[in-house]
Amino acid sequence: MEKANISGYQLFVLIFLFEMGSALLVPLAGEAKQAAWLVILIAMVGGFLLFFIYYGLFQYYPDQLLTEFVRSILGNFLGRIVAFLYILYFIYLAARVLRDFGDTLLTFAYPHIPLFVANAAFILVVVYTVRKGVEVLTRTGELFFVLENLLLMTFFLLIVASGMIHLNNLKPVIEMSGTEMVKMAFTKTIFFPFGEIISFLMIFPYLNEPKRLKKIGISSIAAAGIFLAIIMAMNIAVLGVDLTTRSQYPLLSLIQSIEVAGFLERLDVYFLFLLMIGGFIKISVFTYVAVTGTANVFNVKQPSRLAYPVGFVILLSSIIIASNFTEHMHEGLGAVPIYFHLPFQVIIPLLLLIIAFFKNRKKKKGQHQNKFQGGVDQK
Amino acid sequence: MKFFGITLLLLIPLVVLSLGMDILLGFDLDNSIKHVFNPFLVKDPAEFILFFILLSFLVFSFFYRKKKKKNKGKGQQ
Amino acid sequence: MASFFKQKRQVKQREKKKEDESQSQSKTPDYIESSLSANLEIVKKKTGKSPDIIIRTLKIGINPEIKTTILYVQGLIDNPSVTDFIIESIMKNPHLSKNILPLEAMEIISEDVVSLGGVERVTDWEKLFLTLLSGDTIIFIDGVNVALVASTRGGEKRSIQEPSTHLTVRGSREGFTESNGTNIAMLRRIINTPDLWIESMKIGTVTKTDVSIMYINGIVKEGIVEEVKKRLNRINIDSILESGYIEQLIEDQVMTPFPTLNHTERPDMVAGNLLEGRVAIFVNGTPFVLIAPALFVQFFQSVEDYYNRFDIASATRFLRIIVFVISIVGPAVYVAATTFHQEMIPTKLLVIVAAQRETVPLPAVVEALLMEMTFEILREASLRMPKAVGSTMSIVGALVIGQAAVQAGIVSPAMVIIVSITAIASFATPSYAIAISARIVRFGFIICAGMLGFYGMILAFIILIVHLCSLRSLGVPYMTPLAPLNPKGLGDTFFRRPIWAFKERPQFLTNENNLIREGDNQRPLPPESRGMKTSDGKKGEGNES
Numbered sequence: 000m001e002k003a004n005i006s007g008y009q010l011f012v013l014i015f016l017f018e019m020g021s022a023l024l025v026p027l028a029g030e031a032k033q034a035a036w037l038v039i040l041i042a043m044v045g046g047f048l049l050f051f052i053y054y055g056l057f058q059y060y061p062d063q064l065l066t067e068f069v070r071s072i073l074g075n076f077l078g079r080i081v082a083f084l085y086i087l088y089f090i091y092l093a094a095r096v097l098r099d100f101g102d103t104l105l106t107f108a109y110p111h112i113p114l115f116v117a118n119a120a121f122i123l124v125v126v127y128t129v130r131k132g133v134e135v136l137t138r139t140g141e142l143f144f145v146l147e148n149l150l151l152m153t154f155f156l157l158i159v160a161s162g163m164i165h166l167n168n169l170k171p172v173i174e175m176s177g178t179e180m181v182k183m184a185f186t187k188t189i190f191f192p193f194g195e196i197i198s199f200l201m202i203f204p205y206l207n208e209p210k211r212l213k214k215i216g217i218s219s220i221a222a223a224g225i226f227l228a229i230i231m232a233m234n235i236a237v238l239g240v241d242l243t244t245r246s247q248y249p250l251l252s253l254i255q256s257i258e259v260a261g262f263l264e265r266l267d268v269y270f271l272f273l274l275m276i277g278g279f280i281k282i283s284v285f286t287y288v289a290v291t292g293t294a295n296v297f298n299v300k301q302p303s304r305l306a307y308p309v310g311f312v313i314l315l316s317s318i319i320i321a322s323n324f325t326e327h328m329h330e331g332l333g334a335v336p337i338y339f340h341l342p343f344q345v346i347i348p349l350l351l352l353i354i355a356f357f358k359n360r361k362k363k364k365g366q367h368q369n370k371f372q373g374g375v376d377q378k
Numbered sequence: 000m001k002f003f004g005i006t007l008l009l010l011i012p013l014v015v016l017s018l019g020m021d022i023l024l025g026f027d028l029d030n031s032i033k034h035v036f037n038p039f040l041v042k043d044p045a046e047f048i049l050f051f052i053l054l055s056f057l058v059f060s061f062f063y064r065k066k067k068k069k070n071k072g073k074g075q076q
Numbered sequence: 000m001a002s003f004f005k006q007k008r009q010v011k012q013r014e015k016k017k018e019d020e021s022q023s024q025s026k027t028p029d030y031i032e033s034s035l036s037a038n039l040e041i042v043k044k045k046t047g048k049s050p051d052i053i054i055r056t057l058k059i060g061i062n063p064e065i066k067t068t069i070l071y072v073q074g075l076i077d078n079p080s081v082t083d084f085i086i087e088s089i090m091k092n093p094h095l096s097k098n099i100l101p102l103e104a105m106e107i108i109s110e111d112v113v114s115l116g117g118v119e120r121v122t123d124w125e126k127l128f129l130t131l132l133s134g135d136t137i138i139f140i141d142g143v144n145v146a147l148v149a150s151t152r153g154g155e156k157r158s159i160q161e162p163s164t165h166l167t168v169r170g171s172r173e174g175f176t177e178s179n180g181t182n183i184a185m186l187r188r189i190i191n192t193p194d195l196w197i198e199s200m201k202i203g204t205v206t207k208t209d210v211s212i213m214y215i216n217g218i219v220k221e222g223i224v225e226e227v228k229k230r231l232n233r234i235n236i237d238s239i240l241e242s243g244y245i246e247q248l249i250e251d252q253v254m255t256p257f258p259t260l261n262h263t264e265r266p267d268m269v270a271g272n273l274l275e276g277r278v279a280i281f282v283n284g285t286p287f288v289l290i291a292p293a294l295f296v297q298f299f300q301s302v303e304d305y306y307n308r309f310d311i312a313s314a315t316r317f318l319r320i321i322v323f324v325i326s327i328v329g330p331a332v333y334v335a336a337t338t339f340h341q342e343m344i345p346t347k348l349l350v351i352v353a354a355q356r357e358t359v360p361l362p363a364v365v366e367a368l369l370m371e372m373t374f375e376i377l378r379e380a381s382l383r384m385p386k387a388v389g390s391t392m393s394i395v396g397a398l399v400i401g402q403a404a405v406q407a408g409i410v411s412p413a414m415v416i417i418v419s420i421t422a423i424a425s426f427a428t429p430s431y432a433i434a435i436s437a438r439i440v441r442f443g444f445i446i447c448a449g450m451l452g453f454y455g456m457i458l459a460f461i462i463l464i465v466h467l468c469s470l471r472s473l474g475v476p477y478m479t480p481l482a483p484l485n486p487k488g489l490g491d492t493f494f495r496r497p498i499w500a501f502k503e504r505p506q507f508l509t510n511e512n513n514l515i516r517e518g519d520n521q522r523p524l525p526p527e528s529r530g531m532k533t534s535d536g537k538k539g540e541g542n543e544s
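Chains as they are written, first to last, in numbering that gives the first Met the number 0: chain H, 0 to 378; chain W, 0 to 76; chain G, 0 to 544.
Keep in mind that the hints were calculated from the coordinates and are not lab data.
Accuracy of the hints is not assured; some may be wrong.
Here are the computed distance ranges between Cβ atoms for each label pair [unchecked claim]:
id : chain 1 : residue 1 : chain 2 : residue 2 : range
1  : H       : I217      : G       : E357      : 57 to 63 Å
2  : H       : G55       : G       : L489      : 52 to 58 Å
3  : W       : D29       : H       : K210      : 41 to 47 Å
4  : G       : N512      : H       : N359      : 39 to 45 Å
5  : G       : N512      : H       : D62       : 50 to 56 Å
6  : G       : V350      : W       : L54       : 44 to 50 Å
7  : H       : F297      : G       : S199      : 49 to 55 Å
8  : H       : I80       : W       : D29       : 50 to 56 Å
9  : H       : K300      : G       : R230      : 57 to 63 Å
10 : G       : R187      : H       : A221      : 53 to 59 Å
11 : H       : F297      : G       : E125      : 37 to 43 Å
12 : H       : K210      : G       : N512      : 24 to 30 Å
13 : G       : T373      : H       : A3        : 54 to 60 Å
Note that this is a predicted model, so its numbers are computed, not measured.
Just so you know, even glycine gets a beta-carbon here, dropped at the ideal spot from N, CA and C.
Isolated chain H, as found in the complex:
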């Protein structure tokens, strides 16, 4: 762990931006058609449940990172392996987001630039940020939070001003049955973006007011969920169900359709800005988490030294992850939720929580007020 302190507001901002990150751009819960926004909200409630699992773990070990308390719970050897798997998971997620990001960039604005170049430029910026540590990342997040909100706000205004919202597009509100919606929310939308909060278990210990964590976590997830729902609803209201679900980036189509006063048009830079801010925060958080985790598991004294190697690994994996975009998307929608998100976001944390519960109960009986630390060396 590095020496750092982040405030509640900073954590709120970081979670918010992290959630909004790439989810803002894709047709989230697009298959639910008009009810997409409802599905997002249901998934958000599921996100609360996941958050409570993580929060429970955090409460048992309030000053330990995920990679540390895994070893406290499972013992040094097994814990180290699980921690290592988590690191791989985070790196893999970072690589996925980077690939998403790079592909989006190339398809919409830069067909001539090779993917590798675009990704490399981006990962270098991320590496620079991660080297500076979590405090700088959160401070940057604060500024970008203002910027992103300004962008979204003007963007709302422009949409409303250009008079493109057709509420009729949102009807019929509920076409699917309730169980269908819940099933969809809990098999897909909950993992992305809400379940990815698991990575924040590596950042929570830096919070300077741990008692407020529950409030902060819930409110930021709620804020992000509501924002995403509004944007998805707006996408459908403006573009219609058909276009929204068929287009890869509904927000881009939305932005491109803005035309106000004859000269405020072709605001693609808007989209680029949103895309990059979201992608930046998301990849940076994953990379940071992977770097501190690696430093922790392998006992590296200065985590910042690992930033470049890890960044390089992320860059390479982002290229070899799939040979083309279709394959990448296919994997992302099919295999990843089942084989990666489900175990890493739900099953393992749940098991850890149960074990921790029993372990700590025993502990409490035996010793009073003594935190279990296992074989973990705290720095």
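On the provided structure of chain H, position chains W and G as indicated by the hints.
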């Protein structure tokens, strides 16, 4: 050297992972391996140059850090 | 092997030198002797018989006569006080023309004769030379191993003039001078409180420059003064010629184009900053006073913002921020838009720009870099050259850049417009220090835009933000109050809150026990209006007549 080891240790499982993913999607092993290295086969010169620059950074960083550490030690004494 | 020997030899030589030095130091005794001639000998030897050190020997007393020597440095002293209050009064004093002992003579001189503010007794040489070389007058009396030091500092100084940077329309016309004493006095005149504390030290092993730290006790945050002192004490350098030396030796981060300490020539600006809890560092020999800690937003504040009404001040603040952004991204946007994102330019404008660019043989990046370079050359040249050549330069510059280059078709007129706008924009920031950083950063942006268009620009922007967020000034994050967010502090950033609503000092700079800076209900109200009833039911006064 520790960093080199860590880098490899992280990279290899990820390569295997993406191989496994391809097999899972229904390709055979040969095709999967091809897919893994596919992106590196179609590189244009600019990409290659950038790749080697980054790679040399990586290699350089292993050595450079060692040197820096020594100097630091001296400075602190 | 050879180098190994060399090193050894060097070490030996160094050791030898050290020995020599210590020997030569041990040659001069630490304390003043009672024999006058011996003392003078030491002075002459130590100063290398420099002619500007005046040694004037007088004789006082009768039977036996006592030799008294007055020692001062020409030019550093205030001439009238030395001639009138020391030499003349010693020569004319009736007590001294009697039969007296040397010790008595000294008593008389120090208590009765020298009618100057400060008379001190000094016994060790080091202090004696320090005072002598700062302009004091030394009086030796034969047979006494104590010297008298009369404070006669003075000499030629630049008078107080209007500052040449941080110009304002409204506000004090005083600017700092090169003399520390004058500068500190100016602050004293503005802030009349005994809590205005000053601590002095000498920095520079050779120059022994006077450096003073000034702060307001009770307002300054605990720890900041100690931190400044710690950093100043750490300095071990031969010379301090300007406050820039200090700045570069105490700043938090070295690898940054942005200034992490502020400097100014204006006493009212220093006063305002001290009242917010900052620390000022005065360095003798320069009119630029350092202010620490500095924040990013502070470089967009001008003292005049507080003298003007808040709406006007806020508008200008906002303008400055926009101007700063333009001066950073101006040419980069042009490059990105013309090379990568033509579809984003409105069609009519695109046609014009494309028509202009048709004849230009260079890619937009090269064109932009070329023009920016030319501008920088012009700027640098006009700054350094003798004033007489100025008009020639401006003609050549205007003709070469403005006319000839465009007519020859080497650059497009649009580019000239962009470069001129950014050039003007970069001078519209109140602080020169941050304007320079903006100009350096601009080149980075142009290159990024040339390689990757807006993508590159936004990457550069992200790096810039991350970099700014990673900076600290004396431990205070550089981007406060924006990040970390301090809602109360926001009132003095992009807009300036009205003075009557400025209830508190900035919490991140000031001592937390002393935040309140004004009483409640400071908002001015119109008089109870005519004819209308007040809440008490009284009729308001002041009819139209």
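Here's how the hints hold up against the structure:
no.	hint	result
1	H/I217 x G/E357: 57 to 63 Å	holds, 60 Å
2	H/G55 x G/L489: 52 to 58 Å	violated, 37 Å
3	W/D29 x H/K210: 41 to 47 Å	violated, 57 Å
4	G/N512 x H/N359: 39 to 45 Å	holds, 42 Å
5	G/N512 x H/D62: 50 to 56 Å	violated, 31 Å
6	G/V350 x W/L54: 44 to 50 Å	holds, 45 Å
7	H/F297 x G/S199: 49 to 55 Å	holds, 52 Å
8	H/I80 x W/D29: 50 to 56 Å	violated, 31 Å
9	H/K300 x G/R230: 57 to 63 Å	violated, 27 Å
10	G/R187 x H/A221: 53 to 59 Å	holds, 56 Å
11	H/F297 x G/E125: 37 to 43 Å	violated, 56 Å
12	H/K210 x G/N512: 24 to 30 Å	holds, 26 Å
13	G/T373 x H/A3: 54 to 60 Å	violated, 46 Å
Of the numbered hints given earlier, the model fails hints 2, 3, 5, 8, 9, 11 and 13; all others are met.
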